[in-house]
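Peer 1: Sequence:
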Amino acid sequence: MEESINQDLPRNNNAENNSASNERSLPPASSENQSQTSSVRGKTDPAWRYVALQNINGKPHYQCLFCLSTFGGGGINRMKKHLAKIGGDIKKCSKVPYDVEKQMEGLLKEIQKSKTSKRKVSFNEEGTDECEDAIDEAIAQEEQQTPSQLPTKEVVGGDPKKKAKIIIPPMFAPRTTPGSQPSLKSVFQNKEALHEVDKRVARWLLDCRIPFNAVMSPFFQDMLDGVAGFGPGYKGPSYDSLRVNLLADLKRECQMVVDSYRSAWKETGCTLMADGWTDQRQRTLINFLVYCSKGLCFVKSVDASSMVKNASSLCDLFSEVIEWIGPDNVVHVVTDNAANYVAAGRLINKKFENIHWSPCAAHCLNLILKDISSMPHISSLATRASKITVFVYNHTVFLSWLRQKEDWREIVCPGATRFATVFLTLMSIFERKSELQQLVVDTHFTGHKLGRSANGRAVSAIILDNKFWDDCFTVCQIVSPLIKLLRLVDADDKPSLGIVYEGMLRSENGIKEMFKHRKSAYQPYTEIINSRWDKHLKKNLHAAAYFLNPDCFFSENYRESPDVMRALLDLVTLHCKVNNLDSVEAMKEIHIYRDRKESFDRPEVVPAAKKLQPGNNICLIISFSYLLILCFDFLNLITNT
Numbered sequence: 001m002e003e004s005i006n007q008d009l010p011r012n013n014n015a016e017n018n019s020a021s022n023e024r025s026l027p028p029a030s031s032e033n034q035s036q037t038s039s040v041r042g043k044t045d046p047a048w049r050y051v052a053l054q055n056i057n058g059k060p061h062y063q064c065l066f067c068l069s070t071f072g073g074g075g076i077n078r079m080k081k082h083l084a085k086i087g088g089d090i091k092k093c094s095k096v097p098y099d100v101e102k103q104m105e106g107l108l109k110e111i112q113k114s115k116t117s118k119r120k121v122s123f124n125e126e127g128t129d130e131c132e133d134a135i136d137e138a139i140a141q142e143e144q145q146t147p148s149q150l151p152t153k154e155v156v157g158g159d160p161k162k163k164a165k166i167i168i169p170p171m172f173a174p175r176t177t178p179g180s181q182p183s184l185k186s187v188f189q190n191k192e193a194l195h196e197v198d199k200r201v202a203r204w205l206l207d208c209r210i211p212f213n214a215v216m217s218p219f220f221q222d223m224l225d226g227v228a229g230f231g232p233g234y235k236g237p238s239y240d241s242l243r244v245n246l247l248a249d250l251k252r253e254c255q256m257v258v259d260s261y262r263s264a265w266k267e268t269g270c271t272l273m274a275d276g277w278t279d280q281r282q283r284t285l286i287n288f289l290v291y292c293s294k295g296l297c298f299v300k301s302v303d304a305s306s307m308v309k310n311a312s313s314l315c316d317l318f319s320e321v322i323e324w325i326g327p328d329n330v331v332h333v334v335t336d337n338a339a340n341y342v343a344a345g346r347l348i349n350k351k352f353e354n355i356h357w358s359p360c361a362a363h364c365l366n367l368i369l370k371d372i373s374s375m376p377h378i379s380s381l382a383t384r385a386s387k388i389t390v391f392v393y394n395h396t397v398f399l400s401w402l403r404q405k406e407d408w409r410e411i412v413c414p415g416a417t418r419f420a421t422v423f424l425t426l427m428s429i430f431e432r433k434s435e436l437q438q439l440v441v442d443t444h445f446t447g448h449k450l451g452r453s454a455n456g457r458a459v460s461a462i463i464l465d466n467k468f469w470d471d472c473f474t475v476c477q478i479v480s481p482l483i484k485l486l487r488l489v490d491a492d493d494k495p496s497l498g499i500v501y502e503g504m505l506r507s508e509n510g511i512k513e514m515f516k517h518r519k520s521a522y523q524p525y526t527e528i529i530n531s532r533w534d535k536h537l538k539k540n541l542h543a544a545a546y547f548l549n550p551d552c553f554f555s556e557n558y559r560e561s562p563d564v565m566r567a568l569l570d571l572v573t574l575h576c577k578v579n580n581l582d583s584v585e586a587m588k589e590i591h592i593y594r595d596r597k598e599s600f601d602r603p604e605v606v607p608a609a610k611k612l613q614p615g616n617n618i619c620l621i622i623s624f625s626y627l628l629i630l631c632f633d634f635l636n637l638i639t640n641t
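Note that full-length UniProt numbering has the sequence shown beginning at 1, numbered continuously upward.
Quick caveat, the hints were computed from the structure, so don't treat them as lab data. Built from N, CA and C at the ideal position, the CB exists for glycine as well. Any given hint could be a false lead.
Stated by the list, open to error - In silico PhoX-like pairs for lysine-lysine, Cα to Cα no more than 25 Å straight-line: (1) Lys370 to Lys539; (2) Lys91 to Lys59; (3) Lys351 to Lys85; (4) Lys405 to Lys370; (5) Lys85 to Lys113.
Stated by the list, open to error - Label pairs and their in silico Cβ distance ranges: (6) Asp222 to Gly72: 27 to 33 Å; (7) Tyr558 to Gly447: 57 to 63 Å; (8) Phe230 to Ser555: 51 to 57 Å; (9) Ala338 to Thr421: 18 to 24 Å; (10) Gly72 to Gln112: 22 to 28 Å; (11) Gln112 to Trp48: 18 to 24 Å; (12) Leu53 to Lys387: 56 to 62 Å; (13) Ala339 to Lys512: 27 to 33 Å; (14) Tyr558 to Asp259: 36 to 42 Å; (15) Asp328 to Gly72: 45 to 51 Å.
Model the full structure from these sequences, guided by the hints.
Peer 2: In structure tokens, the structure reads:
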């Protein structure tokens, strides 16, 4: 029937031909063009990963998944300009990641090249962008239409009394619409084809001995989208191209990202972090990283085997990195707690007055947990708990019985460090007290020869000992605030400088309250905390960040302390001295914040402080305070505000 229609249409008179040409806003597409449109500009287009299609009042609208802006019409090509920050007929995206921006730029360049090549072999295409955008809109509308809603046209020719309405063949590749049902044959064919492609990917991974977790990389799917967008016939890069040209291109892109970070270093300051470790050849390596409001940046890795024992040599190494970053840009230097790094930190403070050194908070907390676990009664408790876990996990007959319990979770739960794992295991055993006691009194245990063995009777005695569970509860209450703080400072979710001081105060106060402020009971634990906190970790930066963190300062649990104000004023005085600023103006701004005057007394400040992450500049106070915590260079922001 389609052939007869195509034969009848040219037989119309000129008026009908002109009318038909006016009705068709788009030229008919060949089968080759249809397949190309479907593969490149359809849902397989990489840009659809960052754009959501919405139907508003029967018309397609496109929403950016980064800035959540919604645009009517224009198609995916226009959204690519939005993501590539090209602008013109659409505003630029303010939150698109750098790699996505460059990807969209590349796609637009490929489209422009294809347009240029087509112009050389075909007619002059004026308004090509408008045509492509119209194609995109037609695709979107076609997806939202049922077959009954598709446009129809009467057949011309034949018997004039018989006019049948038929659906005009779509000029795009066939799509599955909401009102259509794919055949079982096509479904199985698609599944078989997909399975075959998956096997080819798996075969390549296995042949090259690539770890399976490589597919978790964000660039894995991006690579597959690029190959699918190119279409059949893509030839991968050669060995020489990878190691020379492409490597150089990616290095340039990486350098552009670092350069964008360096601009943030000048505006807000940064923290230099040194991560020391030992490789399999017993070499002492130091990784240097720089953290700022935009993110974390790796600088370099140095073999420091010959200088790690000498504080002066370490100071020279740190000074070299600081000079590369810019001494005026570095506000904070973080190392571990080893004596050589502590001595090097003091030398850095003497050499650069504006740079503050402090040990790693996570390392200090691990040392506190280590000291607590070394106490005789806690070490004995951990040994008794270990007997339970070893016995249960070495005999699957009892472990399987426990696993059949509703809501059962494993006892052994590895932590971030060895010392944290000891206490996490104690907490896990205490949470499963009921199930373990049910096990040792059940006939499944008492009637089994393993339950009647010497180890079985010893484990049963421990589980049925009330003093064991009381001691577990006490230890869990002691270390729970410390482990919570360790998880916060060891995570990458948000800057932790502003919560360290408050977390240590909460831990110490919690221990005192648990023992009802009996000094003889809580003193052994508080002495361990103070020996690490007061002598090593506690710095002016932590106290100032505690004061300037609105979540802490505006809470009911905030403690007004002379030490906190003294630390804040010392930092203000030092900063004014180094940068030739007026300290009086800074003091005025501090009093405005402290007394909650001007914009600080708004009712939305307190709830916003608890929810907003650093860098979310929603209102003046939140931006002001969190940026102080995040960047440490608070006085510049105070005077600018």
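Peer 1: Against this structure, judge whether each hint is valid.
Peer 2: Verification of the hints:
no. : hint                         : result
1   : Lys370 to Lys539             : holds, 22 Å
2   : Lys91 to Lys59               : holds, 20 Å
3   : Lys351 to Lys85              : violated, 43 Å
4   : Lys405 to Lys370             : violated, 34 Å
5   : Lys85 to Lys113              : holds, 19 Å
6   : Asp222 to Gly72: 27 to 33 Å  : holds, 28 Å
7   : Tyr558 to Gly447: 57 to 63 Å : holds, 59 Å
8   : Phe230 to Ser555: 51 to 57 Å : holds, 55 Å
9   : Ala338 to Thr421: 18 to 24 Å : holds, 22 Å
10  : Gly72 to Gln112: 22 to 28 Å  : holds, 24 Å
11  : Gln112 to Trp48: 18 to 24 Å  : holds, 20 Å
12  : Leu53 to Lys387: 56 to 62 Å  : holds, 60 Å
13  : Ala339 to Lys512: 27 to 33 Å : holds, 31 Å
14  : Tyr558 to Asp259: 36 to 42 Å : holds, 40 Å
15  : Asp328 to Gly72: 45 to 51 Å  : holds, 48 Å
This entry does not satisfy hints 3 and 4, going by the numbered hints stated previously.
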